[in-house]
Each structure stands twice: as structure tokens, then as C-alpha cells.
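On the provided structure of chain X, position chain A as indicated by the hints.
Protein chains: 2
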Amino acid sequence: MLEVSLRGATMPVSPFRKLMPHAEAARQRGLTVYPLNIGQPDIETPPAMLAAVQQADIRVLEYSPSAGNESYRRKLAAYYQRAGIPVTAEDILITTGGSEAIFFALMSCLNPGDELIIPEPFYASYNAFAVATGVHIVPVTSHIADGFALPAIAEFEKVITPRTKAVLLCNPNNPTGYVYSRAELEQLRDICLRHHLYLFSDEAYREFCYDSTYVSAMHLSGADEHVVLLDTISKRYSACGARMGAFVTKNKSLIAAALKFAQMRVSPPGLAQLLGEAATDLPETYFHHTKAEYVKRRDLMVSRLNAMPGVFCPSPGGAFYVIARLPIDDSEAFAIWLLETFSHHNQTLIVAPATGFYSTPGLGKNEVRLAYVLNRDTMNKALDCLEKALEVYPGRIG
Amino acid sequence: MLEVSLRGATMPVSPFRKLMPHAEAARQRGLTVYPLNIGQPDIETPPAMLAAVQQADIRVLEYSPSAGNESYRRKLAAYYQRAGIPVTAEDILITTGGSEAIFFALMSCLNPGDELIIPEPFYASYNAFAVATGVHIVPVTSHIADGFALPAIAEFEKVITPRTKAVLLCNPNNPTGYVYSRAELEQLRDICLRHHLYLFSDEAYREFCYDSTYVSAMHLSGADEHVVLLDTISKRYSACGARMGAFVTKNKSLIAAALKFAQMRVSPPGLAQLLGEAATDLPETYFHHTKAEYVKRRDLMVSRLNAMPGVFCPSPGGAFYVIARLPIDDSEAFAIWLLETFSHHNQTLIVAPATGFYSTPGLGKNEVRLAYVLNRDTMNKALDCLEKALEVYPGRIG
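One line per chain: the protein sequences are X and A, in this order. When we follow full-length UniProt numbering, the leftmost residue of the first sequence carries the number 1, and every step to the right adds one. When we follow full-length UniProt numbering, the leftmost residue of the second sequence carries the number 1, and every step to the right adds one.
The following block holds chain X by itself, in its conformation from the complex (with noise of 0.2 Å):
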């Protein structure tokens, strides 16, 4: 028989997806669906940046070196820098997405049935590259009551075993909005330096913090080789579609190892690494604008769900994420409800169940993610549709 691999039949299908069909169902019947449950800003691609492809002069669109073009490097080295990040253009292969980053880290630092330490709830297709890698995910829950902070770090020392290669940590966090302080990163910088761990910091979201000083895992002193950068230009110009990352480690080793899975697949794509370019060129007031706008649309997200009865929603410093516990027996059961049977003036919203964001079974039941990604005026729409869905839903609970 013709059959698929084992990690082929294993892989997870994407939670974001198993909900398309009923959101799908739900348009037909001739409802606006408001898209809460995915990071698909529409704030607008900084045309700045698109003109920079529109205008190239291209004859023909060559093969680039497989560690990027070195006019990009040097220009994201020196972003870095004004970061107070101090790399320079050897120390950054630039990837297809943040998603190539998280791939070329687990496939250089970790061998199969190796293991990778996550803070609970995480990135859902963190589960994809870990089974893609061969590489096992030990969680290590944080908590809604205390704002998803880092969990104690005897938490980490209890499931460190001779295994564990990495710790792997979003900041600011994706689903939680939480930003780690320098006090935290600096706990786990070193239990990784006491038990030879590598540092994966996925810093996605790095410019969207709001309430304090952005601290990088590449600003600590002392774990060079230790720490690498997996960053993208997704969020952080709005340009999702453009598939534009970076692998960044001063480890001279580890790059060179990376840089073999880079020439794999010859080079990251082209017209994208112009987009990529001219964002290092954008003024450091594109940032203010973009942030001052998220930060309105945090603060409406937190105050209205914080108003709802039941409902308890702590407000994230950083992305553009939350996590709220609802007064709900299932998520998943939830979102799908909004999706089949409830409407709202002929509306109702599309919700990510936070199941889907933990890896230890039963967690994230009574907690969903929203994402702030919508102009105020459509998430407003969109919450006085959880506000009624709530009122109604037959599995409210407390």
C-alpha cells in the first residue's frame, strides 16, 4: 500500500484552519464574519516599501546568495544596531518568513528526540516545526492570572533533562501580548548558560511594545553564543504576505550550520528582499504612528472585554495579541457556535480557542485568544458580538 509518512499523518493541521470551513458556512448564509482569530493586520504595507520593488530595474531576477543579498545584511545589521543589537551583516541569514528562522534554528541546534522548553500557551505551529524536526516540545505553563509572565524559573530546572538543547521564547509573546522584563530574560539566559542550552528569541513582534523598554535576548551580555535571533518583517511593517525573516546569532559555528540549510534550498525570495531592505530605511516615526494605533486598540480590546460579565482579560504590554478567560465550558465548542448558530444584526466573529496554544491537554478550555488587529470601528462591531454571544451561549458557565 501507498501510504504517507508517519509525519506526514502526524503533522497538526493548522487550528487557524480547522475553523475556515465553518467561518466559510457562515458567509454563505450571508454573515459578516469579523476575523478576530488571526494576526492579519490591516494596518497598510508602507508604500515606501512596495515602491522599492515596483520601481527596481530588473532584467533578470537571479538566484541571490543563499545568505541574502549583502546590501540587505549590512542594512538590517544596522537596524540592529540602532537597536543597541551589535551584529553586523556575517551574523544574519535572511529566511523565507520568521518561519524559515524557527526551522533553520531546531534544524541546526536539535537532533531528533531532542527537546525544545516552550512557555505554554505558544504559537500553535511551533507543534508543526517540532514535528516536522523530530524534535519533542516540553511546555512549561504560564498563568492568566498573573499575565502569562515567565513561570518560575525552578519550573525550567524541573523538566531540563540530558535531552533539552534549547529554550524557545516569544517576546513579546504570541498569544499572550506578554513582554518579558530584563529581570526574566536574564533568569533564563542563565539557566541556558548553566545547562549549555541555546536561547531561541522569536522577536516577531519586537516593535510593538508599548508600555516600557523593548529588552532582546540579544541584549544580554554574556550568552553570545548562546542566543539566536529569529526575527520577520511580517508584523512589523505589515507585510505578512511577503515571507521576509532572519536567522541572526553571533555563534560563528551555528551560522556556519545554518547557512548549509540555506544553500539547501539556494536562495530566500528576491523581490521580497527589497521590500525588506527599503523597511530598514523607513523613519523611526513609522513605529510611533503604528504603535500609538495599536495601543488605542489594545486599550479599547481590554476595557470592553474587562466590561463584560465573567469575562477577565489582562492587558498585554506587547504585539498585538490577547488571551481572555470567558465564562465558557469549551472554546472550541464556542468558536464554533459563533460560526454555526449564533448571529448578531446578521454579524458575529471568528475567535482562536486557546486549546490550540498549549501543548499540556485540558488547558486554554475557558480562554480564547483576539487578536487587535482591526481598525477600531470593525472590532467594535465585532465585540458587541461577543458581548451578546456571551449572554446567550448555552455553555456559559460561573
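Treat the hints with care, since some could be wrong.
Heads up, the list lumps identical chains together, so a pair's fine if it works in one copy or across two of them.
Below 25 Å or equal to it, Euclidean Cα-Cα: the simulated DSS-like pairs (lysine-lysine) are [what the hints assert, rightly or not]: (1) Lys365 x Lys388; (2) Lys18 x Lys252; (3) Lys291 x Lys381; (4) Lys296 x Lys158; (5) Lys250 x Lys18; (6) Lys291 x Lys388; (7) Lys381 x Lys158; (8) Lys18 x Lys365; (9) Lys75 x Lys158.
Quick caveat, the hints were computed from the structure, so don't treat them as lab data. Quantities reported herein were computed from a predicted structural model and do not represent experimental measurements.
Coordinates of chain A only, in the frame set by chain X:
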């Protein structure tokens, strides 16, 4: 100690990249260095493709569906249908270059330790994909004496084991330029049916078939569940830097598994999809012009090579490579000598040692791959260099 993974350590360095420091040193000494070693055409990327990107009205560069834009998949299906390949949009996943299509195929069909049979010499990066995915490549040797025709089917039968899961054929072949006949493909199909193997068909060079009517693996009857077409626009439209490919199969379970790997990286590159979609609108005459040009280049290269004493070069029916047997002791030593020691009127060339394309140690030591991707004037100058070089190379034999 902090170490890179075993797979990171054992990943092969691209054989092309090994020569790069030597080529750079030659350029630093003021030499003109003709790159006959890589398949980077000098043919212009069709302006209509670039215009599709450059004139697109994009406000937010959003994620595309993981399978690729519906409009592109439909038009690509129509392109295949025009070539007599009866697929629909549902049978297609848009990938990040042909590379990702190869990756999806290995991940979805083979487990670590499974075996993949490939006629050698073969595209060197297959080795890298095999290491990355834990797959073992089992080579079956083809020979320059018969122009690298498909080895006797008994040679395939001999190496099939319970771990064999697939055969990979590149047609037209890189690096040999050989175009497999319908009879050869049917023989391969039959053993794949008999032994329950997938048949991966890398058709990157499908439009570059000069002396016969091209037969795709997807033209074979009775093998819909087995055949996976791996495709790319890189060579077809001289758009190597775009990173735009496709994974195509009528096997529903397989495409469902591959889609999960596609979801893992969210989307293929967005701008490149516009480029690819525009390519499907090019008139048929586009290929007439480019093929006519490549035929002239091939004929020039093959006739000049065979006119050199001690050189033998079969005339290949497709792609834009030849493998030539040279009167030399060691193709790697020769390639380095060309860059380090030799010059002719202040010029030299880079050749690809064929050793990098064989899996069996020792094979390819007196063979090189040459790409006829440069205009004929430039090619003549490069071949003048090669002719002179062979006269004076200290390792000349025979």
C-alpha cells in the same frame, strides 16, 4: 558544550559554493571569470511577469492561502492542461521554489531511515534534502557512454528494499541534460506500481526539450496515486530569484499531508505568486524563442567540446547542461587549478566537477558539468579558455 546538531554538522556544503572563494580570489587578481558552473540563465525575465508585480495595486501585503492564491492555482492548472496534464487547482500546492516542493515530497512520503532511489549523477542539493529529512539516497548509476540514458530497470530492482519508498527522476535531467523517453518512463512507472513506490518527477526543465516531444510523468496512465510532479518557474521563465514552485499530485491523501507542511510556513511568497501567475499568460511563442536560443547554445557547446582532443560530450536533448568527459586526473583539482593557476588573455572559467553529482565515491573524477546559460559570444570565450587549459593542465591524462 554547546554544539550544532548532528544533522547540522553532516549537512553537505553546496559543491558550487566550495569553489566560490577560489573564483573570488581569481577576480581579485583581475581575471574575467566565466561561470559555466551554475544554471543561472542570462535570458531576460519576461517583462510582462515583472510588470504584473510592478503594476499591482497592493495596500496590505497579506498572507496568501497556504496552498497559494486560488487564481494562480487555477491558471497553473490550465497551463498543465495545455500540456496534456489533467490536473485541477485542487491538485496543486504553490511552493517556495522547486526546493520546497522537494522538501514537501520527502517529508510527506518518507520517514527518517527510508530509502529514495535516484539515478546518478543527480542534482547535488538532493543530498542536502536527504540529510535534512533523514532519508537515505540509493543511487543507480547512469553512464556517459550512452548519454546518461535510464539505467537498466534490473539495476533499480536490485536495490529495492522494504525501506524503499520512492524513486526520484529529474526530467529533463540536471546535470546530464538527458530527456527520458516514454518507454523509459513506463518502465519506471511499472516498478513503482509493482513495489508500491512514489514516483517523484522533478520537471524544472520541462519546457527545455529540443529534439523530441516531452513526456511528463503525469502523462503516464494508471499512476495517479504514485506520481508527484515537482516544479518551478526558475528556469522556465529565467526567474530563479523569485522562489516560486509547485507540488502537484492527484493523490488526495498525499496532498492533504503536504498541505500541513505548507500551513506550517503559512504562505508561499506573495509577490512571487503574482510573477508566477503572469507567467501562465505568456504566449506559447515565448518558449519558441528561448528554446531556439538554447538549441544554438547547446550545439555550439557540444561541437566545440567534441572538437577538443580527448574530450567526449554526448549531445543532450534537454535542460541547459552538458556533462563532458575531459582528459584530466581529477575534476575538483582541475576546477581549482583553473581559478588559482590558469589564465588565458586574462580570462578563465568555473566548471562544476561532476563528483558533486555522484553519490558513489570516485565517480565523476574525469567529468565536469557545464551550463550553456550564457550568450554565445561569452560561451566561445569561455570555451577558448577551456581548450587552452586542457592543453597545459599538468594533470592531463590519456
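Query raised in the report: Can you tell me if lysine 18 and lysine 252 fall within 25 Å by alpha carbon in one copy, between copies, both or neither?
Result: between (41 Å within a copy, 18 Å between copies)
**Report entry** Homo-oligomer pair classification [lysine 365, lysine 18; C-alpha up to 25 Å]
**Finding:** within (16 Å within a copy, 53 Å between copies)
Query raised in the report: From the Cα coordinates, with 25 Å as the cut-off, is the pair lysine 365 and lysine 388 best called within, between, both, or neither?
Result: within (20 Å within a copy, 75 Å between copies)
Query raised in the report: Given a CA cutoff of 25 Å, do lysine 291 and lysine 381 count as a within-copy pair, a between-copy pair, both, or neither?
Result: within (22 Å within a copy, 57 Å between copies)
Query - Up to 25 Å CA-CA - lysine 158 versus lysine 75, copy category - result: For lysine 75 and lysine 158, the Cα distance exceeds 25 Å both inside one copy (41 Å) and across copies (54 Å).
**Report entry** Status of lysine 388 relative to lysine 291 across identical chains (alpha carbons, at most 25 Å)
**Finding:** neither (30 Å within a copy, 64 Å between copies)
Query raised in the report: For lysine 381 vs lysine 158, is the C-alpha pair at or below 25 Å within one copy, between two copies, both, or neither?
Result: neither (45 Å within a copy, 67 Å between copies)
Requested in this report: With 25 Å as the alpha-carbon cut-off, assign the pair lysine 250 and lysine 18 to within, between, both or neither.
Outcome: between (39 Å within a copy, 23 Å between copies)
Query raised in the report: Should lysine 296 paired with lysine 158 be assigned to within, between, both, or neither, using CA atoms and 25 Å as the limit?
Result: Neither: 40 Å inside a copy, 68 Å across copies.
Hint compliance for this structure: hints 4, 6, 7 and 9 are not met, and every other hint is.
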